[in-house]
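S.K.: Residues per chain are reported as follows:
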Amino acid sequence: MSLMELIFGKRQKSAEIARERLQIILAHERNGRTGTPDYLPALQRELMDVISKYVRVNQDDIKVQLERQDDMDVLEVNIVLPENQR
Amino acid sequence: MAKIIVVTSGKGGVGKTTTSASFASGLALKGHKTAVIDFDVGLRNLDLIMGCERRVVYDLINVVNGEATLNQALIKDKHCDNLFVLPASQTRDKDALSKEGIEKVLDELDEMGFDYIVCDSPAGIEKGALLALYFADEAIIVTNPEVSSVRDSDRILGILSSKSRRAENGDKPVKEHLLITRYAPARVDKGEMLSVDDVKEILRVPLIGVIPESQAVLQASNAGSPAIHLNGTDVSEAYKDVVSRFVGDDKPMRFLDAPKVGLLKRLFGG
Numbered sequence: 001m002s003l004m005e006l007i008f009g010k011r012q013k014s015a016e017i018a019r020e021r022l023q024i025i026l027a028h029e030r031n032g033r034t035g036t037p038d039y040l041p042a043l044q045r046e047l048m049d050v051i052s053k054y055v056r057v058n059q060d061d062i063k064v065q066l067e068r069q070d071d072m073d074v075l076e077v078n079i080v081l082p083e084n085q086r
Numbered sequence: 001m002a003k004i005i006v007v008t009s010g011k012g013g014v015g016k017t018t019t020s021a022s023f024a025s026g027l028a029l030k031g032h033k034t035a036v037i038d039f040d041v042g043l044r045n046l047d048l049i050m051g052c053e054r055r056v057v058y059d060l061i062n063v064v065n066g067e068a069t070l071n072q073a074l075i076k077d078k079h080c081d082n083l084f085v086l087p088a089s090q091t092r093d094k095d096a097l098s099k100e101g102i103e104k105v106l107d108e109l110d111e112m113g114f115d116y117i118v119c120d121s122p123a124g125i126e127k128g129a130l131l132a133l134y135f136a137d138e139a140i141i142v143t144n145p146e147v148s149s150v151r152d153s154d155r156i157l158g159i160l161s162s163k164s165r166r167a168e169n170g171d172k173p174v175k176e177h178l179l180i181t182r183y184a185p186a187r188v189d190k191g192e193m194l195s196v197d198d199v200k201e202i203l204r205v206p207l208i209g210v211i212p213e214s215q216a217v218l219q220a221s222n223a224g225s226p227a228i229h230l231n232g233t234d235v236s237e238a239y240k241d242v243v244s245r246f247v248g249d250d251k252p253m254r255f256l257d258a259p260k261v262g263l264l265k266r267l268f269g270g
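Protein chains in written order, with full-length UniProt numbering: chain P, 1 to 86; chain H, 1 to 270.
Isolated chain P, as found in the complex (with noise of 0.2 Å):
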């Protein structure tokens, strides 16, 4: 360690930095690339469709997600019915 280190404090080389941002961006992305299947907007779109036969519901009323709580997958529909309903 030089004289400069030691009194100033040592700085994190740019690579360290690089290198922990990408563990952490990509562990997120990996993820969400697992926990999204390319099924999600054909279901809800299929999902419309049924709901639509009974209630007249819009597009943006109905979100499908799902979420990954540890060791178990859980698939949320979410569906807003018009207050006029009736």
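Since the hints were made in silico from the structure, they are not lab data. Even for Gly, the Cβ is constructed at its ideal location relative to N, Cα and C. Misleading hints may appear alongside valid ones.
Not close to chain P: a few residues of chain H, all C-beta gaps over 10 Å, as computed [said to hold, decoys possible]:
#1 Glu138
#2 Gly158
#3 Asp198
From the structure, some residues in chain H lie toward chain P, with a derived Cβ separation under 8 Å [as the list claims (entries may be wrong)]:
#4 Val150
#5 Arg151
#6 Asp154
#7 Met193
#8 Ile202
#9 Val247
Given chain P, put chain H in place with the hints provided.
M.R.: What follows is chain H alone, placed relative to chain P:
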């Protein structure tokens, strides 16, 4: 069966075409009948790097559309007898390529007795890139030791393991090889650049080689001659090692350390 290898990266400008040209040339130098296909429809450049741009008459899309035979479109390389280049089209029509069309071309190359088919992928994850990797048996992931390149390589690895033909058919997965290019050991020593070990650890793909940053690459592209032919340069040696490792030879990694700087040079610069 011809072995199909895709050279891919996600990010642009990392050395895919440079690598495709030198890798295909290296296979041919070893005596294997090799074809190298440019998949970058609309922005073809492999012909320039191979130095055959003035001999392009027909291209990949002409063959797919039946406007030319494969024999008419294949350009014999000027350095190697058993190397042929199939250029990309300059047309901007992205739908000109299809899985069926590409499969037909690859099957025909196989029937013609080619040992290796190298697919030079365009950057990005659009149709051209997906088609370039779809039929691959093996993949060379070209990565610079730099955050955006590593991230994009990781993305491409995800696509290889989910969207390739092997993945769709549930066959043995595409065999992946990591190739680190534009590596500057002196900068790694200073802590300014991700090291080979960093990139390997992050991407978790077996390393097939490291190509050092070098002025020879620009000289090669200026001259239209793949860098592997610039005998005596470290880039040429590094690519030859990559080809040897690919065909199964055991070659230790080279060019990982910065050249030692002598005391005089350190004192007076130079």
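S.K.: Take the hints in turn and mark each one as holding or not.
M.R.: Hint check:
A cut-off of 10 Å between C-beta atoms confirms that glutamate 138(H) is not in contact with chain P; the least separation is 22 Å. At roughly 5 Å, the least C-beta separation between glycine 158(H) and chain P is not larger than 10 Å, which violates its mark as non-interface. Residue placement check: aspartate 198(H) does not keep its beta carbon more than 10 Å from all beta carbons of chain P (closest about 5 Å). Annotation: interface hint on valine 150(H) holds; nearest CB of chain P at approximately 6 Å, less than 8 Å.
Interface hint at arginine 151(H): satisfied, since its Cβ lies 7 Å from the closest Cβ of chain P, which is below the 8 Å cut-off. Because the beta carbon of aspartate 154(H) sits about 5 Å from the nearest beta carbon in chain P, less than 8 Å, this interface hint is met. Hint status for methionine 193(H) relative to chain P: holds, with the closest Cβ pair at about 6 Å, below 8 Å. Hint on isoleucine 202(H) holds. Least Cβ distance to chain P is approximately 5 Å, under the 8 Å limit.
At about 31 Å, the closest approach between the beta carbon of valine 247(H) and any beta carbon in chain P exceeds 8 Å, and the interface hint on this residue is violated.
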